[in-house]
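A.B. asks: Go ahead and model the full structure; you've got the sequences and the hints to work with.
Here is how the chains run, residue by residue.
There are 2 protein chains.
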Amino acid sequence: MNSATHSYQPISTNVVKELSDLLGASNIIFNDPERLEPFSRDEAADCETRNPELVARPGNAEELAQLVRVANRERIPVTARGAGSGLSGGAVPLFGGIVLDFGRMNRILEIDRANLTITVEPGVITSEINEALRPYGLFYAGYPMSLETCTIGGNVAENAGGGKAVKYGVTGRYVLGIDMVSPTGELVSLGGKLVKDVSGLNLLQLMVGSEGILGVFTKIILKLLPLPKASVDMLCLFKTIDEAVAAVPKIMTEGGIIPTAVEFMDRLSFATSCEYLNESLPCADAGAMLLITVDGADEKQVEHDYDVIGEQCLAAGATNVYVADTHVNSERIWRIRRAVAEAFKVFSPHQSLEDIVVPIAAIPAASAAVNEISAKYGVKIPCYGHAGDGNLHATPVMPPEWTFEHWHGVLPEILMDMYKAIAKIGGHISGEHGIGHKRKKYLAAVADPGFMLMMRNIKTALDPNGIMNPGKIFD
Amino acid sequence: MNSATHSYQPISTNVVKELSDLLGASNIIFNDPERLEPFSRDEAADCETRNPELVARPGNAEELAQLVRVANRERIPVTARGAGSGLSGGAVPLFGGIVLDFGRMNRILEIDRANLTITVEPGVITSEINEALRPYGLFYAGYPMSLETCTIGGNVAENAGGGKAVKYGVTGRYVLGIDMVSPTGELVSLGGKLVKDVSGLNLLQLMVGSEGILGVFTKIILKLLPLPKASVDMLCLFKTIDEAVAAVPKIMTEGGIIPTAVEFMDRLSFATSCEYLNESLPCADAGAMLLITVDGADEKQVEHDYDVIGEQCLAAGATNVYVADTHVNSERIWRIRRAVAEAFKVFSPHQSLEDIVVPIAAIPAASAAVNEISAKYGVKIPCYGHAGDGNLHATPVMPPEWTFEHWHGVLPEILMDMYKAIAKIGGHISGEHGIGHKRKKYLAAVADPGFMLMMRNIKTALDPNGIMNPGKIFD
Chain A
11 MNSATHSYQP
21 ISTNVVKELS
31 DLLGASNIIF
41 NDPERLEPFS
51 RDEAADCETR
61 NPELVARPGN
71 AEELAQLVRV
81 ANRERIPVTA
91 RGAGSGLSGG
101 AVPLFGGIVL
111 DFGRMNRILE
121 IDRANLTITV
131 EPGVITSEIN
141 EALRPYGLFY
151 AGYPMSLETC
161 TIGGNVAENA
171 GGGKAVKYGV
181 TGRYVLGIDM
191 VSPTGELVSL
201 GGKLVKDVSG
211 LNLLQLMVGS
221 EGILGVFTKI
231 ILKLLPLPKA
241 SVDMLCLFKT
251 IDEAVAAVPK
261 IMTEGGIIPT
271 AVEFMDRLSF
281 ATSCEYLNES
291 LPCADAGAML
301 LITVDGADEK
311 QVEHDYDVIG
321 EQCLAAGATN
331 VYVADTHVNS
341 ERIWRIRRAV
351 AEAFKVFSPH
361 QSLEDIVVPI
371 AAIPAASAAV
381 NEISAKYGVK
391 IPCYGHAGDG
401 NLHATPVMPP
411 EWTFEHWHGV
421 LPEILMDMYK
431 AIAKIGGHIS
441 GEHGIGHKRK
451 KYLAAVADPG
461 FMLMMRNIKT
471 ALDPNGIMNP
481 GKIFD
Chain B
11 MNSATHSYQP
21 ISTNVVKELS
31 DLLGASNIIF
41 NDPERLEPFS
51 RDEAADCETR
61 NPELVARPGN
71 AEELAQLVRV
81 ANRERIPVTA
91 RGAGSGLSGG
101 AVPLFGGIVL
111 DFGRMNRILE
121 IDRANLTITV
131 EPGVITSEIN
141 EALRPYGLFY
151 AGYPMSLETC
161 TIGGNVAENA
171 GGGKAVKYGV
181 TGRYVLGIDM
191 VSPTGELVSL
201 GGKLVKDVSG
211 LNLLQLMVGS
221 EGILGVFTKI
231 ILKLLPLPKA
241 SVDMLCLFKT
251 IDEAVAAVPK
261 IMTEGGIIPT
271 AVEFMDRLSF
281 ATSCEYLNES
291 LPCADAGAML
301 LITVDGADEK
311 QVEHDYDVIG
321 EQCLAAGATN
331 VYVADTHVNS
341 ERIWRIRRAV
351 AEAFKVFSPH
361 QSLEDIVVPI
371 AAIPAASAAV
381 NEISAKYGVK
391 IPCYGHAGDG
401 NLHATPVMPP
411 EWTFEHWHGV
421 LPEILMDMYK
431 AIAKIGGHIS
441 GEHGIGHKRK
451 KYLAAVADPG
461 FMLMMRNIKT
471 ALDPNGIMNP
481 GKIFD
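Taken in order, these protein sequences are the chains called A and B.
Counting in the working numbering, the first sequence tops out at residue 485, every number present.
Counting in the working numbering, the second sequence tops out at residue 485, every number present.
Hint data in this document are derived by calculation from the structure and do not stem from the laboratory.
Computed from a predicted model, the values in this text were never measured in an experiment.
Certain hints may be false.
The list makes no distinction among identical chains, and a pair is therefore deemed to hold if it is satisfied within one copy or across any two copies.
[What the hints assert, rightly or not] Restricting the straight-line Cα-Cα distance to at most 30 Å, the calculated cross-link-like pairs of lysine-lysine (BS3-like) are:
no., residue 1, residue 2
1, 177, 233
2, 430, 233
3, 239, 310
4, 229, 430
5, 450, 386
C.D. replies: Okay, here's the thing in structure tokens:
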């Protein structure tokens, strides 16, 4: 089923009136290019954009269901949008139609301490969840790095990852329930406040990470954990990428510890970031860095854990291990990791933030493949990301002397080379950012054909008119 | 799509010859009722049974794919069977056809220490996995209670739970990759040695728990964890169910500890079990028991954890807390839990092992509802199970003075009452045993109609001829 085979209808004035009566005129944007333009893109750089024809702000699930029934009847595309902070072009309304703004569905509905759950509407800013939970000694562990801007609905739609995924897993592990509107406009309730459930097919986890192509969420139930009472960050320098990466499974097997986070930066990444930050950390000889976080129920356990991790890293060849036992020191080492992308923007305004994921032991092979492609095209490709998960943000950066047109022509070749090389070592295209429309031609090129066929069949079965976020994941 | 609307064909002698040529005559059972009979049932008591027409033992994925292509062409039902230890009638070939025996696809293919994965064929007995891993200090945490008899393929097909699910989650959390044969006979590879992956829809977790209706597995990649180096079991007695259950979230929130296991027994369960075992544990005044396990990286951490848990239980009203610090004592308390079902068989040969799951705070309400139904029908319904997950094996036991015919007539009413009561308090039908054909009419009665419709649409899309394990989960 190709989205192009669906014929979508432009939104008629009758439909505008119908939606306006349904939601109230103030919750509709139509015929106003300036106010529609911010809804034409997300944060995926240099991607195709398009204004929606209409932006709708439903106030509740019933309004949303009615809107989808109208759209399905009239063959109008519907694209759900959280904060627009996505990195795959997933919220871009490629075929026009309606963009859903969840600005009115942004309430925390319930904190249930006895069941260790929180129930939220999709428009809640993710960081608000943990702010609301802190007084109760609870936390939601599935949040991504961008938690201060993104929304929980977007996180669930993308199955977002984050810095704590080594120990805590990604968003999906914490999603216990979803209320949604199906592509044909039915209200459907999946899961509940249940930590185990095999009452029928696992459609709940099918919806997590479905990038808005199978339905729109109206309510989300998340599982909570006790807030860790202590946490420490460590910075471990290694001469080579191989040594750094080899330390990761040893921490887990010989050390018996699953760290909270294991972030990785290659030399190009941390050197550029340190230079940008004027950071004087003595790392001239280092070829790779691991930034490791451990947390736990008390200080003593955390001390024990970082001792063991330090020993394992030194045994694996680390040249230096710094332990940041104050907030100031923690902040100093984490900002090196966080500033990488920004640092490269100084070098060049155009970069393509990728999100490859490989078996953890294949990180050196992935790094070698990326370096080979870097040399072939004469394009810097810093590699940094979540080593404990094998998830690397390999990021081709436009050489400053190139024109944008030249870059725009060459980048797809670089990416295709990279994705093919990654597939050969057992890797996939995206660990946490999703496919959207930015990566769909690469997915089609490297994914298992049987998998692609099953996805298409499911999409057609659930969305016969192809109205839900068309043009994403696959054509 | 009702299975009854599909017309299946009996297996012709031509097809028998074709399958015999494909697999070798010794890997086919046909026309031999005595050897076919063991494949007519699983361990769900008093369920409908039926002999398959043919049992096939494929040797590899390619043979299996060819077999499914023949079955799909000829409209012959195909039912995958692991050890036949399922508890929902999921492996019963309700429409005859072919039962797949995985006795030849039972190899551990690879232990990958660097990536912390194990790759297995579906016929591997689950306990063999941890036996093979022990020398490496690793373990697979997703196994169920029946690990010594069940197969890993069956565990994945049912998304089995188990005693350690509070801390470690159920089978699905550890499934990183599945190679499978689709209902139309394509070989499809999902996931890989990747701990994060959002490269397309999450069909991997859709397959986990799909009870064989969407395809057949040929290879499974499981995630491993470091083997905990220390573990302790505790038995905590409470006067009332309410007090026992209220302690569970407090251990997690105020204590900050996620125990490995929190098992629950009501008075009827443990008293009957203790009597059966001649166990003299002083529990005359107890109304409920919690059996709690903690594990960790070393003895000190485990000691700390059980101190905290003991304090929390006492603060929540526990009358006694026993800590089993030797293997003998651990065994003594665990056998009370394990012997419940057996103990009730002495009381009566017929019982219906159910598997309700509710929000953990709703366990007292679930218990009250079950007791009310027990009184209404004059049928004992002991309640025991996984309190930390809200998963209770409420088990109606036939009164010894009833005839089986009477029991057979009344049991469906008891179950329907129970499932409706459980649905009202936010619970679902099955936490770890699955729907199969034993529970499908109850699922149809209490599940969200939109959910049922989506499941049917997906089934039809992936299995247009309805050959894969027809008659399970829904009609």
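A.B. asks: Please go over all the hints and tell whether each is borne out by the structure.
C.D. replies: Evaluation of the provided hints:
| no. | hint | result |
| --- | --- | --- |
| 1 | 177 <-> 233 | both (15 Å within a copy, 13 Å between copies) |
| 2 | 430 <-> 233 | between (37 Å within a copy, 25 Å between copies) |
| 3 | 239 <-> 310 | both (11 Å within a copy, 18 Å between copies) |
| 4 | 229 <-> 430 | between (38 Å within a copy, 23 Å between copies) |
| 5 | 450 <-> 386 | within (24 Å within a copy, 58 Å between copies) |
When the structure is compared with the earlier hints, no violation turns up for any of them.
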